[in-house]
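*Asks:* The residues making up each chain are set out below.
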Amino acid sequence: MLTVDPITKGIVLDHIRAGNGIKIFERLDLREVEYPVALVMNVPSNKMGRKDIIKISDTLALDLTLLGLLDPDITVSYIDGGNVTEKVKIGLPERVEDLIECKNPRCISSYERHGQSVFILVDKSRKEYQCFYCGERVRV
Amino acid sequence: MNAAKKSGRHFVDSLDLSPPEYRSLFNLANQIEENPSKHVSRCGGKLMATLFYEPSTRTRLSFEAAMMRLGGQVLSVSDVATSSVAKGESLADTIRTVGGYADLIVVRHPREGAARLAAMYSPVPLINGGDGAREHPSQTLTDLFTIRTFKGRLDDLTVAFCGDLRYGRTVHSLLRALARRSDIRFVLISPEELRLPNSIKDDVASSGSNAEIQESASMEDGLRQCDVLYMTRIQKERFFNEEDYIKLRDTYILTPEKMKQAKKDAIVMHPLPRVTEISQEVDTDERAIYFQQSRLGMLVRMALILHLLEET
Numbered sequence: 025m026l027t028v029d030p031i032t033k034g035i036v037l038d039h040i041r042a043g044n045g046i047k048i049f050e051r052l053d054l055r056e057v058e059y060p061v062a063l064v065m066n067v068p069s070n071k072m073g074r075k076d077i078i079k080i081s082d083t084l085a086l087d088l089t090l091l092g093l094l095d096p097d098i099t100v101s102y103i104d105g106g107n108v109t110e111k112v113k114i115g116l117p118e119r120v121e122d123l124i125e126c127k128n129p130r131c132i133s134s135y136e137r138h139g140q141s142v143f144i145l146v147d148k149s150r151k152e153y154q155c156f157y158c159g160e161r162v163r164v
Numbered sequence: 531m532n533a534a535k536k537s538g539r540h541f542v543d544s545l546d547l548s549p550p551e552y553r554s555l556f557n558l559a560n561q562i563e564e565n566p567s568k569h570v571s572r573c574g575g576k577l578m579a580t581l582f583y584e585p586s587t588r589t590r591l592s593f594e595a596a597m598m599r600l601g602g603q604v605l606s607v608s609d610v611a612t613s614s615v616a617k618g619e620s621l622a623d624t625i626r627t628v629g630g631y632a633d634l635i636v637v638r639h640p641r642e643g644a645a646r647l648a649a650m651y652s653p654v655p656l657i658n659g660g661d662g663a664r665e666h667p668s669q670t671l672t673d674l675f676t677i678r679t680f681k682g683r684l685d686d687l688t689v690a691f692c693g694d695l696r697y698g699r700t701v702h703s704l705l706r707a708l709a710r711r712s713d714i715r716f717v718l719i720s721p722e723e724l725r726l727p728n729s730i731k732d733d734v735a736s737s738g739s740n741a742e743i744q745e746s747a748s749m750e751d752g753l754r755q756c757d758v759l760y761m762t763r764i765q766k767e768r769f770f771n772e773e774d775y776i777k778l779r780d781t782y783i784l785t786p787e788k789m790k791q792a793k794k795d796a797i798v799m800h801p802l803p804r805v806t807e808i809s810q811e812v813d814t815d816e817r818a819i820y821f822q823q824s825r826l827g828m829l830v831r832m833a834l835i836l837h838l839l840e841e842t
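Residue numbers (this note's numbering), protein chains in the order written: chain E, 25 to 164; chain W, 531 to 842.
Certain hints may be false.
Stated by the list, open to error - In the DSSO-like style, the derived pairs of lysine-lysine whose C-alpha atoms are separated by at most 27 Å in a straight line are:
#1 K79(E) <-> K47(E)
#2 K731(W) <-> K148(E)
#3 K71(E) <-> K127(E)
#4 K148(E) <-> K127(E)
#5 K47(E) <-> K111(E)
#6 K766(W) <-> K731(W)
#7 K127(E) <-> K788(W)
#8 K788(W) <-> K766(W)
#9 K151(E) <-> K111(E)
#10 K148(E) <-> K47(E)
#11 K731(W) <-> K151(E)
#12 K127(E) <-> K681(W)
Simulated from the structure, these hints should not be mistaken for lab results.
Could you put together the complete structure from these sequences and hints?
*Replies:* The structure is reproduced here in structure tokens:
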């Protein structure tokens, strides 16, 4: 069994769906950082079968909205002094700004320079969002 | 008065008003009709700006007439698209600027969701005068008022929509508003290419509405069972190519012959302008009420203006 040392200060992203870890690693630009980072893939899990884990030895500000969109089942643990100080199950974000592009070619958001894209969660079970402006629905 | 600084109440979507608020506007419109002289100076000293990025005759004139009949004044730009837009000004900037001049703004724009964006930046109450194929809530106000006036109710109705249900914003707005009522049945009559968008059906389904929706390509199907026939124009301006428009333009034409199949107490509505979809011979049928619908629209827009200005 592969082991990775516990971190004393930083963030652990757990319960990442197996195969999603590398995508999240890339989206968070963790390849570029100078502090220690571990991406562990295909870790056996009772609940998920297999899962990925990312350990980050730093207290960077995570974009939880982005993480929730990429994988709503992730658990984020904040570590300090070797202890978990806060644990957050992300879930799907209720409101997403500037991360989803509206596919409706007639939508104002693709035309107006003040038209920041805004999507609102309308159906959790279907992972469906609706454009705040034109009502176009999209599944993530 | 600068209403804006006190409140941000807008009318962008037909669901922005609750059923009791609609009822209160209809009652006010009835009072205005009964005693117009009582209301002639209620908007004295107020200014309404109409910004139309798309051509319009009825909606713009209806709003302007409504404001003037209330004693207010109007700033009208009917060619915004060739003025500020040509200079590269964003919609948000135009709205913020005009909001500094006027107490109320009516905006029409070809892009869907434009009015919602405009409302975010408007320092004064803003009314959506139509945004692309999405919404036309003041037409819904007109349509509901018309149905209530002629049918005496807004529940227990079979409403047939016929024509361009894909791009017809008046249909989208009215259908979503009616779906909140009880015992509503919709018959959707359109060519395959112009069927109601799934997003509107999803909106109705997720709103918890118990409205029934039946789709048909046959006009006769709808005519026989409906209490309200809502005809729409196939809109040339929504097509990217003219060939598709020509192919579909004359799919449904309402004639006196077809009207024989409709119920004796059915009403025929149309947001106007009409092109070929209702033959002129139908105009004399007492069930054809589209010109009265247009007049009622002005009255109920007067009520809307009062509601937005006096609430703020």
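*Asks:* Taking the hints in turn, state whether each one holds.
*Replies:* How the hints compare with the structure:
no., hint, verdict
1, K79(E) <-> K47(E), "15 Å, holds"
2, K731(W) <-> K148(E), "18 Å, holds"
3, K71(E) <-> K127(E), "36 Å, violated"
4, K148(E) <-> K127(E), "20 Å, holds"
5, K47(E) <-> K111(E), "22 Å, holds"
6, K766(W) <-> K731(W), "24 Å, holds"
7, K127(E) <-> K788(W), "40 Å, violated"
8, K788(W) <-> K766(W), "25 Å, holds"
9, K151(E) <-> K111(E), "23 Å, holds"
10, K148(E) <-> K47(E), "22 Å, holds"
11, K731(W) <-> K151(E), "18 Å, holds"
12, K127(E) <-> K681(W), "40 Å, violated"
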